[in-house]
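Line order of the protein sequences matches chains A and B.
Position 14 of the first sequence, counting from 1, maps to 14 under the numbering used here, and the rest follow consecutively.
Position 9 of the second sequence, counting from 1, maps to 9 under the numbering used here, and the rest follow consecutively.
Mixed in with the good hints, there may be bad ones.
A few chain A residues that face chain B, going by a derived Cβ cut-off under 8 Å, partial list only [unchecked claim]: (1) P67; (2) S141; (3) L142; (4) L156; (5) V169; (6) V197; (7) D341; (8) G623.
Worth flagging that the hints you see were computed from the coordinates, not collected in a lab.
Just so it is clear, the structure is predicted and the values come from calculations on it, not from any experiment.
Just so it is clear, CB atoms sit at the ideal spot from N, CA and C, and this is done for glycine as well.
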Amino acid sequence: MSPADERYGPRVVTVFAMVVLTATYLSVLYDAVDVAGDVGLFALVVAGAFLAGVVLGRFVSSTHALPLALLVAVGGAALYVPSVPNSDLLLSRLDLVVQDVVALLTGLSILKIINAGVWATSFAPVPVFLSWFFVGRRRYSLAALVGLAALVFLVLTSDAGVVLALFGVLAAATAVGVGDVDLRGGRLADADGVAMVVAAMVVLTVSVSLVPGGASQPLLPDRGGGAGDMEASLTDTGGEVAIQGDIDLSPEVRFTVAADERRYWKVGSYDRYTGDGWVRTAGVNEFDGSQSGPPGPTSVVSQTVTAETRLGVMPAAWRPISVRDRDARVSEFGGLQPADDIGAGERYEVISRVSTADAAQLRETDTDYSAIDAERYTRLPESTPPALTDYTSTLTANANNSYDTARVIERHLEQQKNYSLDVDRPDGDVASAFLFEMEAGYCTYFATTMVAMLRSQGIPARFATGYTPGQEVDGEYVVRGLNAHAWVEVYFPGYGWQQFDPTPAGPRESAEQESLNEARSDEDDDVNVDVPGSTPTPTPTPGPTETPDSTEPSDSTGTPAANGTDGADSSNDSSGSAETPPGLGGIGGDVGGDATSTTGAPADGGDGRFVVPTPTREEAALGTVVFLGVAAAVRRSGVSNRAYRAVWLRHQPRTDDPVRDVERAHERMEYLLARERRPRKVGETHRRYLRSLGDRDAMRVGQLHERAVYAGRVSEADADEAVERVDDLVSKYRRF
Amino acid sequence: MRLTRRGVVVVLATVGAFLAGATFGGRALNAVAAPALVAVGYAAVVVWRADRPVVERVIPAAGSPGETHPMRLTVAADEPLTLEDRLPAGLRPGTFSTTLAAGGDVTYDVEYARRGSHRVGPLTLDVGDPLGLVVRTFRYESDKRVLVFPRVDPVTDGSVLAGLVDRSGGTDRQAFDRLREYAPGDSLRDINWKTTAKYGDMVVTEYAADDRGAVTVVGEAAADSADAADEMAAAVASVVTFLLEAGTEVELVVPGGRLDAGVGDRYRRAALELLARTPPGRVGGDRVADADVHVLADGETTVAVDGRRVRYDDVVAGREVVAA
């Protein structure tokens, strides 16, 4: 290494580590901007903050760091605050701001912020500026602290994943450690200790889970008291759907509905598509007892829902207009949530008004979306592959109104994709992956893809979750965990949100039935699979088996929705008692009101445990870090030197020159004898030394050596002999 | 062994991550808390296992106030460390500290501020881990001392002392006494080369010695006044230097000790070393009575020669001029 390398090596490594640290939290913020913001502006702001930080850091003293950062923060706020609805209210109600911050710090994803993109764009420059200002001032530990604080904030909001967080922490540790070496004027070799501790971090973090697991449970300000158990609170405060891979279905009965019509029992809808999941950005308020129904022609559906397990949600046909016997809260979208969890056996009554608009009416609608925030419902992540739009445009070229477009897409997905609960979660944009790469999926995939395709055509659409009608028993609908489902709502001016379901109904129902049968034969007393009347045959089910009602009691009534979803729905609803909710797994813990669906949710994730990934770039990077640490440890311990000696002693490459060969053989012998017998004393001749050891081989090699050195005349054969005798000596004294 | 500020932050963050995970869900907090814990644990082990580093110190040579000399330290260690060396009031800087990525040589400049025999140290080493989370302090006491001589002022008005130089002054090179054989220790300049060449053996010239004895210089300073001692030492050093340069034999008595009569540079250096160490105080009656030169620093510094007392400032009037 040249002197310059030695001098600047630590600095280069430190700056690189800071780049990595910055990249970790920026990547999270970028995701938010990608989903709901202006990527170009974000890049510009970040680059500006970076340059300003580095340049000012060179010339301005550290005491100005905080005022300057404050200035950047105020600039960011000036960008963000006006974009918030009722921003004047925001400024006057600081307690609301504090509540929001607490919610974020306890696990509310930044994607749920209404203007997540703007928020991320205004937040990003603060840590970027401040940390690079400190890098410019060579205050590396402060720089790392700032960067790490930003990252930890995003970990707390549950937006930064385990791998990303680990990389950030490793980068911060490297910046601090190697930065110290730089400040102390050390060389890169002095940073071997840092390499070792960072490698130890990787190894132990991968193998140890320290922090208790569990999905995040944000402290939301609007959530009344500490009522309810944790899983239940999760289901109604979630507001988030992560699309997952394999899922299971829970056959446990959640609730029964006494209603005069088969309907999808809706739980919530989601407006923000993140490419790999759904987020609801709507706020929640107290429900004052009634709200208006959907515009256009409607009919009244009255439902009495009896909870069979503790429910954190309030399923109802869309759109509920009033509730009795229960305090409720209402989302900005008009969906209901219980004020407190609904205990098993408790009931509530909901009156809904259901749109009865028919296809002809919907075909006639215009595209005047001024009544809603169309941008919110037509937004796709900027990184969505353009192929999705192109494909959809071609597919729907013949449809000349929104309704037909929706039907074409719905039918296309229904026909082209198979239903399966056993899928690998794709990387990247789920909608594109499902459309172009996957052959099968379950309701979450179907609904997600359909919404994305509609949005690509500028048609406002959102993702809805809830339960399919369930098994009909004596005029009531028995709804199980496996009835959880996801579908699509499309907005039509004058008629409101209309329901579409792109999931093929037949296969879905058989999957559900299968799961139910399995649960029944399991005789698991703990799981409440049936209610009186819902068991198909008098099998030895321990449950309260009763009327050997046919397997398909009456779920087979007509389509739940007069609108939109007819084709799909009719087959779908005709399903047997086992109205299995393919959707459910996908909606994970968020939708199903039940513990089982939550806990049964597919693997990975939530518990904060680091699962060793299959060989990926991340793993390769971590492997490199560990390798560097091990190399540093080896170097420090001197093992490499010893290893070299061990090989040197055992293996002598031959040369053309017999004199040199004999000399080297002699060196090896001396090294060996000095360790195994005794070192030659000062002033002792070789000959006397060897004689005192009394080893014939050694004496002979000594003779040859003397001849080689003093006479300079040894033959090839002599050299062979010397090497061979030394080899014998080595194997005599050293055996492993 | 204790946590640094940085270590405290990391420990608090770990605990915070744990509590936040337990209360509000794990999220990815494990990826923050586990490495943090590893870092602290690793640090504790590294620092706990660290051997006491070996420190060697090379004391700078004695010198005069205002001079700057290098202090050299060699530290043998594998871990990053912070070194802090304390110096007493007579030396500057009062505290020197530096950081090292590992062991190595440290050199820093010491400015000699004030007369005295200054004991250096203690030196402390904070041995830390690679991330600087935990440190352990090793303390090194030192008996080594840096000697700073008193100030020496040029005597501008030698009239007061002139009599002493004339009266004593050791040998008068004009007054030839006799020739004798060379004996080891004789000055080369006394060798009579002419005679040596003639006889083949080394022959030295012996001059007539003025046997009126050495000039006895006594210095005293007001007790318990370090400043007075400094002034006395400076005055004595100046007078002694003047006398020695004039070739006079000098005997020195100060509260710190007594130096038998002698001449030349070696005597001057020995006198400066004694004066560097001498504390304030008195020397005792007889000696003052026997003194040829009596220097007394008691608020004002005065020099008495054969009972005639003058202000020291008048003796070295030039200093005032320079100072003004």
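Hints and how they fare:
{"no.": "1", "hint": "P67", "in the structure": "violated, 23 Å"}
{"no.": "2", "hint": "S141", "in the structure": "holds, 6 Å"}
{"no.": "3", "hint": "L142", "in the structure": "violated, 10 Å"}
{"no.": "4", "hint": "L156", "in the structure": "holds, 7 Å"}
{"no.": "5", "hint": "V169", "in the structure": "holds, 5 Å"}
{"no.": "6", "hint": "V197", "in the structure": "holds, 5 Å"}
{"no.": "7", "hint": "D341", "in the structure": "violated, 18 Å"}
{"no.": "8", "hint": "G623", "in the structure": "violated, 16 Å"}
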